[in-house]
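Construct the entire structure; sequences and hints are all you get.
The lines below spell out each chain.
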Amino acid sequence: EAGVAQSPRYKIIEKRQSVAFWCNPISGHATLYWYQQILGQGPKLLIQFQNNGVVDDSQLPKDRFSAERLKGVDSTLKIQPAKLEDSAVYLCASSLVGGITGELFFGEGSRLTVL
Amino acid sequence: AQSVTQLGSHVSVSEGALVLLRCNYSSSVPPYLFWYVQYPNQGLQLLLKYTSAATLVKGINGFEAEFKKSETSFHLTKPSAHMSDAAEYFCAVTNNNAGNMLTFGGGTRLMVKP
Chain A
1 EAGVAQSPRY
11 KIIEKRQSVA
21 FWCNPISGHA
31 TLYWYQQILG
41 QGPKLLIQFQ
51 NNGVVDDSQL
61 PKDRFSAERL
71 KGVDSTLKIQ
81 PAKLEDSAVY
91 LCASSLVGGI
101 TGELFFGEGS
111 RLTVL
Chain B
116 AQSVTQLGSH
126 VSVSEGALVL
136 LRCNYSSSVP
146 PYLFWYVQYP
156 NQGLQLLLKY
166 TSAATLVKGI
176 NGFEAEFKKS
186 ETSFHLTKPS
196 AHMSDAAEYF
206 CAVTNNNAGN
216 MLTFGGGTRL
226 MVKP
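The listed protein sequences correspond, in order, to chains A and B.
Numbering of the first sequence is given in the working numbering, commencing with residue 1 and proceeding in unit increments.
Numbering of the second sequence is given in the working numbering, commencing with residue 116 and proceeding in unit increments.
Incorrect hints may appear among the rest.
Computed Cβ-Cβ distance ranges for the label pairs, DEER-style [to be verified]:
#1 Asn52(A) / Glu179(B): 23 to 29 Å
#2 Ala168(B) / Trp22(A): 36 to 42 Å
#3 Leu70(A) / Pro229(B): 35 to 41 Å
#4 Thr120(B) / Gly72(A): 34 to 40 Å
#5 Arg9(A) / Thr170(B): 35 to 41 Å
#6 Asn52(A) / Met198(B): 41 to 47 Å
#7 Asn51(A) / Ser195(B): 25 to 31 Å
#8 Ser127(B) / Ala2(A): 48 to 54 Å
Which bits of chain B does chain A cover? Going by a derived footprint, with three or more residues having C-beta under 8 Å, they are [unchecked claim]:
#9 154-168
#10 190-197
Partial list, derived from the structure: chain B residues whose beta carbon lies under 10 Å from chain A [what the hints assert, rightly or not]:
#11 Tyr151
#12 Leu171
#13 Phe219
Derived by calculation from the structure, the hints in this document are not laboratory data.
Note that the structure is a prediction, hence the values are computed from the model and not measured.
All C-beta atoms in this analysis are idealised placements derived from N, C-alpha and C, irrespective of residue type, glycine included.
What follows is the structure, given as structure tokens:
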């Protein structure tokens, strides 16, 4: 079974530029998550989708971050304009169900460096 | 509100020694607790989870954790460390009021010396 796919794995941009990350969840997984992991910290949830609807985006900085999940499968996370503090690994995860005990499967992450 | 504190950002043990990684949680309602492992340049992988059944939970690779409500703890242990256990370990919590929104601790990097 293929895992969660993310691209690009690495991205270096200058501040005020824009960047987009793509995620393809495990086939059949209805719930998709984007997490931000700053160096030395645990992952922090940015947004959670159930199919193509947003369940929780309370921690998404909406002035610069946006995410969509068209057709309830792939998802894109965009940052525009980027700030230095956005340097982090962006992790995508998916789960079969949205319930509490549903196991999350994580991708390898997209590492962003903002100069 | 919920939170997780992992004591010790770095833990070093000798191969064959006991592994003990500490996790304390805060939750206003009964929690669900998880341990994830992250190997270098890889995504997080579920080790084990506590979902209000048995308080002693066994996971993959010989790890186990015990939920202690009186101590608000969910420490991760393994009787004998192996070199392949070197990784970063994250404790996470959620509850019925938070849906599947996991709150992660800051992580503990485990180093295993030969």
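Results for each hint:
Distance hint check: the CB atoms of Asn52(A) and Glu179(B) are about 39 Å apart, inconsistent with the given range 23 to 29 Å. Between Ala168(B) and Trp22(A) the beta carbon distance is about 37 Å. The supplied range of 36 to 42 Å therefore holds. For Leu70(A) and Pro229(B), the Cβ-Cβ distance of about 50 Å falls outside the hinted range of 35 to 41 Å, so the restraint is violated. Between Thr120(B) and Gly72(A) the C-beta distance comes to about 36 Å, which sits within the given range of 34 to 40 Å.
Judged by the Cβ atoms, the range 35 to 41 Å given for Arg9(A) and Thr170(B) holds: they are separated by roughly 39 Å. For Asn52(A) paired with Met198(B), a C-beta distance near 44 Å keeps the hint of 41 to 47 Å intact. Our hint of 25 to 31 Å for Asn51(A) and Ser195(B) is violated, since their Cβ atoms are close to 44 Å apart. The hinted range of 48 to 54 Å is not satisfied by Ser127(B) and Ala2(A), whose Cβ atoms lie roughly 36 Å apart.
Counting residues of the segment 154-168 of chain B whose beta-carbon sits less than 8 Å from any beta-carbon of chain A gives 8, enough to reach three: the coverage restraint holds. Counting residues of the segment 190-197 of chain B whose C-beta lies closer than 8 Å to any C-beta of chain A gives 0; at least three are required, and the coverage claim is violated. Because the beta carbon of Tyr151(B) sits about 8 Å from the nearest beta carbon in chain A, less than 10 Å, this interface hint is met. Because the beta carbon of Leu171(B) sits about 17 Å from the nearest beta carbon in chain A, more than 10 Å, this interface hint is broken.
Using the Cβ-Cβ criterion of 10 Å, the hint placing Phe219(B) at the interface with chain A is satisfied: the shortest such distance is roughly 3 Å.
Consistency with the previously given hints fails for numbers 1, 3, 7, 8, 10, 12, ordered from lowest to highest.
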